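K.L.:
So you can see what is in the structure, the chains are spelled out below.
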Amino acid sequence: MRRILSLLVLIAGFITALSVQAATLWKIDHPRSRLGFVATWQESEFQGVFQKFHAQILFDEKNLEKSRFEVEVDVTSADTRSPDRDEAMARPEWFFYSRFPAAHFTTRSIRRLENNRYLAEGELLLKGITHPLALPFIWQQSGDTARMKGETVIQRTDFRIGEGEWSSGEMIGLDVKLTVELHLTR
Amino acid sequence: MPPETNRESWNGVAKGLHWLIALLVLALFVLGWTATSWPLSPTKLKLFFWHKSLGITVLGLVLLRILWRVAHQRPPLPPSMPRWECYAAEASHLLLYGLLLAMPLSGWVINAAANFPLKVFGLFTLPAIVAPDKALQSVAQTVHLTLFWLFASLLVLHIGAALRHHIVLRDNVLRSMLPTARRDKSP
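If you're matching them up, the sequences are chains V and B in order.
Quick note: to get the numbering used here, add 664 to the position in the first sequence (first position is 1).
Quick note: to get the numbering used here, add 7 to the position in the second sequence (first position is 1).
Since the hints were derived computationally from the structure, they do not count as laboratory data.
One or more hints might be untrue.
Unchecked claim - Calculated lysine to any residue pairs in the SDA-like style (CA-CA distance at most 25 Å, straight line):
id, chain 1, residue 1, chain 2, residue 2
1, B, Lys51, V, Ala752
2, V, Lys791, V, Ala767
3, B, Lys126, V, Asp743
4, B, Lys51, V, Glu707
What the hints assert, rightly or not - Here chain V is said to cover these stretches of chain B; the calculated rule only asks that three of the stretch's residues, wherever they fall, bring their Cβ under 8 Å from a Cβ of chain V:
id, segment
5, 42-51
6, 124-130
As the list claims (entries may be wrong) - Stretch-level coverage of chain V by chain B, calculated; a stretch enters the list once three of its residues show a Cβ under 8 Å from a Cβ in chain B:
id, segment
7, 700-709
8, 740-750
9, 830-841
No experiment lies behind these values; they were computed from the predicted model shown.
Note that beta-carbon positions come from the ideal geometry of N, C-alpha and C, so glycine has one too.
Hey, can you work out the whole structure from these sequences and the hints?
P.N.:
See the structure below:
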């Protein structure tokens with residue numbers, strides 16, 4: 665009985681070791697990492713950051729098959745350094761913080777474009793609406809540290825961010841650029 | 008009939024600036040008041056957009072007006088005016104110029120402290136006059152509103168005094184600033 669148990673533990677250990685080998689799990693250095701966005705207000709750009717987010721970054725340039733990002737963003741942690749604007753973002757016609765406090769991004773596939781440039785394709789769940797999202801990014805790795813940097817543009821109305829009168833994009837632009845810069849260690 | 012009816016009036020540039028600024032200030036009062044009470048919507052932002060754009064325009068025009076005023080002689084006040092009235096007129100006009108500068112400047116501070124961009128008429132972006140700062144924003148808002156009330160009271164005095172000169176004293180003070188004024192006689 666004891667022998668069988670230790671065998672099971674050994675097998676479990678092997679499986680764990682194998683899966684870890686399949687794609688490296690990276691740890692985010694949060695103080696140095698940044699998940700932000702750039703939007704336009706009366707044709708002028710303004711920036712914001714999501715101060716709280718968690719992500720499971722499984723990445724191995726030699727094993728893109730098993731590489732995967734899973735990101736959970738605390739939408740309510742958005743900060744545009746403008747209390748008036750940040751307050752407005754909480755409203756139902758914008759992000760509706762009370763009902764949809766979190767956003768999720770999960771990749772379906774990651775492929776190499778050229779050199780250290782990659783494309784992550786997946787789904788973004790925001791304000792209860794799921795839409796495909798393609799995120800081109802650069803992966804720079806040296807030893808046990810890596811830097812991941814990418815940006816993509818989404819249409820805020822795809823996710824009903826800015827409903828009703830706001831959906832025309834006249835005062836607040838429809839295109840929103842998402843920017844991500846992660847510093848990682850393994 | 009007062010003897011000072013045959014006086015020079017203000018020159019065309021001074022008159023043009025005076026009435027243009029007067030018109031803009033009236034528009035600014037209406038826009039500012041409407042914008043602050045309007046519920047949050049694109050319309051509210053649009054009202055603020057016009058308020059800010061016109062406010063910056065006034066700032067520019069007032070600077071021009073002051074330069075012009077410094078470089079040119081103003082028509083003399085009626086000799087019949089008591090000395091204290093001349094001083095009061097001088098002081099209230101200085102204060103008006105000061106407020107015409109302080110109103111847009113305090114508005115600019117609010118906008119920058121609130122970290123809102125300022126693209127005048129959608130044409131060019133003005134730099135932020137201060138760094139984003141919630142506390143400073145509320146101070147500037149209080150200043151802007153207080154100055155508004157001071158300005159409004161002073162305008163009542165300004166318009167009242169002009170009408171008094173015209174209707175009661177029957178001198179040329181108001182007429183010297185009217186667009187059509189010549190060296191004509193009072194009726």
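K.L.:
For every hint, state whether the structure bears it out.
P.N.:
How the hints compare with the structure:
1. Lys51/B with Ala752/V: holds, 13 Å
2. Lys791/V with Ala767/V: holds, 7 Å
3. Lys126/B with Asp743/V: Measuring from Cα to Cα gives roughly 22 Å; hence the hint holds.
4. Lys51/B with Glu707/V: Status holds; Cα separation ~16 Å.
5. 42-51: holds (count 4)
6. 124-130: holds (count 4)
7. 700-709: holds (count 5)
8. 740-750: Per the Cβ count (6), the hint holds.
9. 830-841: holds (count 5)
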